[in-house]
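Visitor: Each chain is listed here by its residues.
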Amino acid sequence: MVWKLVTYTELYTPIPPYKSTYAIGVAEDESGNKAIVRIDRKYFGRLRSGMLGDVIEEWTVFGTIKRFVPKEEVKVPRVALITGGARGIGSSIAIELAKAGFSIAIADLAYDKEAEKTLETVKSIGVEAVFVAIDVSNRESVEKGVSEVLSKLGRVDVLVNNAGITRDSYLQRMSAEDWEAVIRVNLTGAFHCSKVVSQYMIRTGGGVIVNVSSIVGLVGNVGQANYAASKSGLIGLTYTLAKELAPYGIRVVAIAPGFVKTRMALAVPKSILRDYLKRSPIPRLIEPEEVARLVRHIVENEALNGVVIPIDLGLTISSPRA
Amino acid sequence: MRVGVVGAYSTKYELRSEKEAWELLKEAVQGTLSSVDKGISGEDIDFVIVSNFSDRFSGILHTAPYVVSLVGRSSAKGLRVENACASGGTALYVAWNLVRSGLARNVLVVGYEKMSHQPTSAEINEVLMAAGHPDEIVVGAPFVSLYALIAKAYMDKYGVTEEDLALVAVKNHENGLRNPLAAMRRKITIEDVMRSPYVSWPLKLYDSSLITDGAAGFIISSEPKKYTDTPVYIEGVGLAHDTPGVFERPDITELRAIRLASEEAFRISNLSIKDVDVLEVHDAFTISELIAYEMLGLAGRGEGAKILREGITLFTGEKPVNPSGGLKSKGHPIGATGVGMVAELFWQLRGEAGDRQVKDAEKGLMENHGGTGGTVVVAVFAR
Chain E
1 MVWKLVTYTE LYTPIPPYKS TYAIGVAEDE SGNKAIVRID RKYFGRLRSG
51 MLGDVIEEWT VFGTIKRFVP KEEVKVPRVA LITGGARGIG SSIAIELAKA
101 GFSIAIADLA YDKEAEKTLE TVKSIGVEAV FVAIDVSNRE SVEKGVSEVL
151 SKLGRVDVLV NNAGITRDSY LQRMSAEDWE AVIRVNLTGA FHCSKVVSQY
201 MIRTGGGVIV NVSSIVGLVG NVGQANYAAS KSGLIGLTYT LAKELAPYGI
251 RVVAIAPGFV KTRMALAVPK SILRDYLKRS PIPRLIEPEE VARLVRHIVE
301 NEALNGVVIP IDLGLTISSP RA
Chain W
1 MRVGVVGAYS TKYELRSEKE AWELLKEAVQ GTLSSVDKGI SGEDIDFVIV
51 SNFSDRFSGI LHTAPYVVSL VGRSSAKGLR VENACASGGT ALYVAWNLVR
101 SGLARNVLVV GYEKMSHQPT SAEINEVLMA AGHPDEIVVG APFVSLYALI
151 AKAYMDKYGV TEEDLALVAV KNHENGLRNP LAAMRRKITI EDVMRSPYVS
201 WPLKLYDSSL ITDGAAGFII SSEPKKYTDT PVYIEGVGLA HDTPGVFERP
251 DITELRAIRL ASEEAFRISN LSIKDVDVLE VHDAFTISEL IAYEMLGLAG
301 RGEGAKILRE GITLFTGEKP VNPSGGLKSK GHPIGATGVG MVAELFWQLR
351 GEAGDRQVKD AEKGLMENHG GTGGTVVVAV FAR
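From first to last, the protein sequence lines stand for chains E and W.
The first sequence begins at 1 in the working numbering and counts up one residue at a time.
The second sequence begins at 1 in the working numbering and counts up one residue at a time.
Keep in mind that the hints were calculated from the coordinates and are not lab data.
Be a bit skeptical, because a hint or two may be false.
Unchecked claim - Here are the simulated lysine to aspartate or glutamate pairs, DMTMM-like style, with alpha carbons at most 20 Å apart: (1) E:34 with W:248; (2) E:71 with E:29; (3) W:157 with E:28.
As the list claims (entries may be wrong) - The following label-pair restraints were derived from C-beta to C-beta distances: (4) E:167 with W:120: 37 to 45 Å; (5) E:269 with W:120: 47 to 55 Å; (6) W:189 with E:124: 48 to 56 Å; (7) W:248 with E:100: 39 to 47 Å; (8) W:157 with E:1: 20 to 28 Å; (9) W:191 with E:239: 56 to 64 Å; (10) W:180 with E:167: 50 to 58 Å; (11) E:58 with W:180: 48 to 56 Å; (12) W:185 with E:74: 40 to 48 Å; (13) E:100 with W:302: 32 to 40 Å; (14) E:60 with W:317: 44 to 52 Å; (15) E:60 with W:180: 30 to 38 Å; (16) W:12 with E:300: 22 to 30 Å; (17) W:185 with E:1: 47 to 55 Å.
Each residue gets a CB set at the ideal place from its N, CA and C atoms; glycine is no exception.
The following block holds chain W by itself, in its conformation from the complex (with noise of 0.2 Å):
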């Protein structure tokens, strides 16, 4: 059985949005059921999944059958599902389960995450702490901290430099200027990342994703073509965990599960990285992005940065990663992501991205992971 995408829709992501999280949400479910070509009834979803990291961002909680009476089909079934920032990954991974298994032919997933009503990043960070290793809660690392640790670990293993990573927020940053739905739309360069205030050194604030406000939803069919002449197949869905302790990994410069649940995608659907034309990875700090290419197979390790330099994974290069703006530019909000990045990859692989249009991008591949690569999802995706 070929599962395919036949519908996807985003808010716009912003950085402070004037809409409470139920309307994000609202919006997401209504734009995601009217998105599909030839036209879907509520009476056709069986399932949904909603996507959502921390209730204490939204305030809201059981959400479930809130969007189940949105879609309008009473006997549909639904839940919540939390994996930190790989939440969105995580739903796909259940919804395409749930069709694969015949528990569900059409599947609803929504994502959502409305940051901004917490007063200062400060506490934002105290909620996002939340998803560490016990060990890193009670020490009091937040997540620029250890990734900040990864960071130092891999430039004193491989000499990479400060400048390195600047080039990946200078890369997405470029990317989300053609994307009208990305939250930051501006131009910056390596002086401007430099200059930017070190949160937790060697990171700076340039060098973290967005605290963003947003919502993205999408459904997977049975029979994708009962809904759509182009839908998007699912190829494959691999998910992978780490030790939560980035202190407790054999290797601190490696995100081993992205390497684990990309095997995973790949043997199932017998696909490489070879095979791939689009990439949307979790750029939840530039050190991320890096080394997501190196799990990924875009490069050896210690040569993320190199194939940055080379241009590889340019918005014109041979493996563009993160047309999007990715989660520097584009943003993060964190229930949110991994559903936009389906939604993403459902319009480059159609050929609907608009500026931002991958040329002839036949295959895609997601990475979304949570914590510090504590979960990983990887997804294939094919028209």
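Okay, chain E solo, but in the shape it has when bound (with noise of 0.2 Å):
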């Protein structure tokens, strides 16, 4: 039996019990017969009326319903954004995400040679990609890039907060001026992206955003009171957000990397890496990559939601707290 789509609604306003976003319409069969039936979100924006599909009843703890499948599987690619996705883990993930199908938008402060490098490469995997210039701790700016993400790949699934900066010192010595440009990029960044980003993913049935915070974030370091402060504070804004979106689609997990073989990690001082790597049960850096694979893990399992995960060779298990 074909049912056609007489009329729908996109509903974006969880509503209880089922605290869920979904389409509504009202499809009929050959004979005439009507039913109201909900159809999965990840159908939001390719709806339209007279669409032919399947209605099949499924049951649910609330009652059984309808649902309607349409026959006409549009296939929409898949979008990326990664912030500080010029260099570092940031590339990394943007190649990773390459690979697993997704078209990329790599967003950092300024076009350089290693934006073109990570750019050319993605692109070299056979999928669209894109360099935008964003300031993720400028409103405004962010608003721009989104927006030109959008037009120019139409949508995105996929956000990796991953911008961050480091300005270290030891707490006496430390500047506001300091403090605060950590807490703006690292934190607020995430924040003005998360904001910005959300509101078309619900419009499009949901996604995933990934927090990269940091194994600092979980048991702090000397000289890095702005920096730890900044990933402790993703960790929070991941598990709310995480509680705040996912009637929306949208899952929140944050990332919890030791140290990793970047620029930004090997800027610090050789005698205090090595006291850690001493008590790291794996002594030795975290490939960039290894840490893309497991982006690319959450982004794919759709069970992981409002977790922070570590991967930091056990080092974590290992850190006095004290």
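Join these two chains into a complex; the hints should help.
Guide: Written out as structure tokens, the structure reads:
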């Protein structure tokens, strides 16, 4: 029996008891029987009146509902936006998600040699890729950059809040400017990006936000009060957004890498780095590609939400907290 | 027998009232009793009808004896009516028939709803959803979505745009500016409506009526001249039903029961839409006001937005609709809504509507509907 979608609406306000977004439609079969149907939110933006599909009965704890499944499977490329994507962990994540078939938007402060290299590598994988200049600490810049991504790639399915800076010093020497600069980029930047991107994700049926925190956000680190506070803040942001955005089909997960072989980690004084590695059960630096593979897993595994996943070679369990 | 309205009252509608439900109810009862020009004794009230949608909002039930005790006549009888958002209109229908049949001489009708106790609009939508068809409830379709289904089908069929719908919101907010009882007295533009977030596409926040606290009341009498020299006569009331399920209707773009109820009201009153000078219609969502124009005969099918653009239903137009601001700006405290429409027309036809007075209004019409038009009450009044 073929059913035709007579009219439909996309519900963006999650209503109890379902607490979920979905589309609702009226479908009619060839004999003129009509039914009110639910349609998965993954079809947001792709429905049209007159569309043909199947109507299947589905048991839910609230009662048996009729679900409309369109016959036409419209392929829409999925898009990932990675802040701080030009270099380091961000670059590896961009490449890994490109391998997973995502179109890629690399966001960073400026289009430099490293950005160009990452962009070329991503393109060589065979996916669409763009660079957008975004200063995540500036709300207007984020709004403008995200609009650019939407106009060029159409949507954002994955946001990786990876942009981060360090301004290390001991508390007594740390200036208020250095404190604020780190918080502004690492934490407020993730807030701006999550806020702007999530409103589009809601309209397209959901997505994933991955916040790149740090083990420093879990256990602290001498000389990094600002950085540790920002990375701890990202964990609180993750827990909260995971609760707030779940009804819209948006998962939020944080990762907490240990020392990754990037320019940022290598800038840490060697004595401190050696001291840390000595405490690690596996005393080596983590490869950026290993972090990227974890991000890909988070994106693909729909059961992950509202958690912080350390990727640290066991450093967290070995670190003294005081 | 000409049954007339002899007094009416409304609390100010508020987005979040400090008053509890029973305080709103008490204010409406006392305000209505004292609104009668020549005075009315509690001893004269034979019957009270309480209009209220859900105790899940207010937390109180069994309000008729409370109202009877406020009236002060222990032998008065009472009941509560519930027909979703048409509870107030239904209360009018019952009261009018009680008086017409001789079962009561004077009936006090009060309506109330205290909605702001719910933590968020999502919980409010859950309570409201209970008034849908069982299949719509199970599938999880709140009213905004059911009206969105109607709006989408209507837009497909008649080429009407979201901007056309926005015109209704803009008009009613403009009207609400003149009403001191309105909950949201704020001028809005088409751009404001278009910028407001989608709740259930294609309907936006500003296409939706307000979640409101409030109460209203009126008294109808078989001997109106005994209580006032200027009663407002109830010339006809029609009540009609449609299938509660939007999906079951032969034409999803119609709110058929509005047409049926208005035909009944016009037949009883020997009047037509041409005779009506002022209207209060149920703009729960912008789309419902446009369709109401068509079902009432103000506009042809698909031409609701056209007559609004032509200015016919503006405050200064030939047929002003919702001079009170409607559900969109005045507010929609469900049980009070239809009762408040009666109060508004009582004031309009007596020339007591202040800044929002429609010039030379002699005859008025109210259209109050429940659910997605599963129950509709249309009443015609004359001074």
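Visitor: Which hints from the list above does the structure break, by number from lowest to highest?
Guide: 9, 13, 15 and 16
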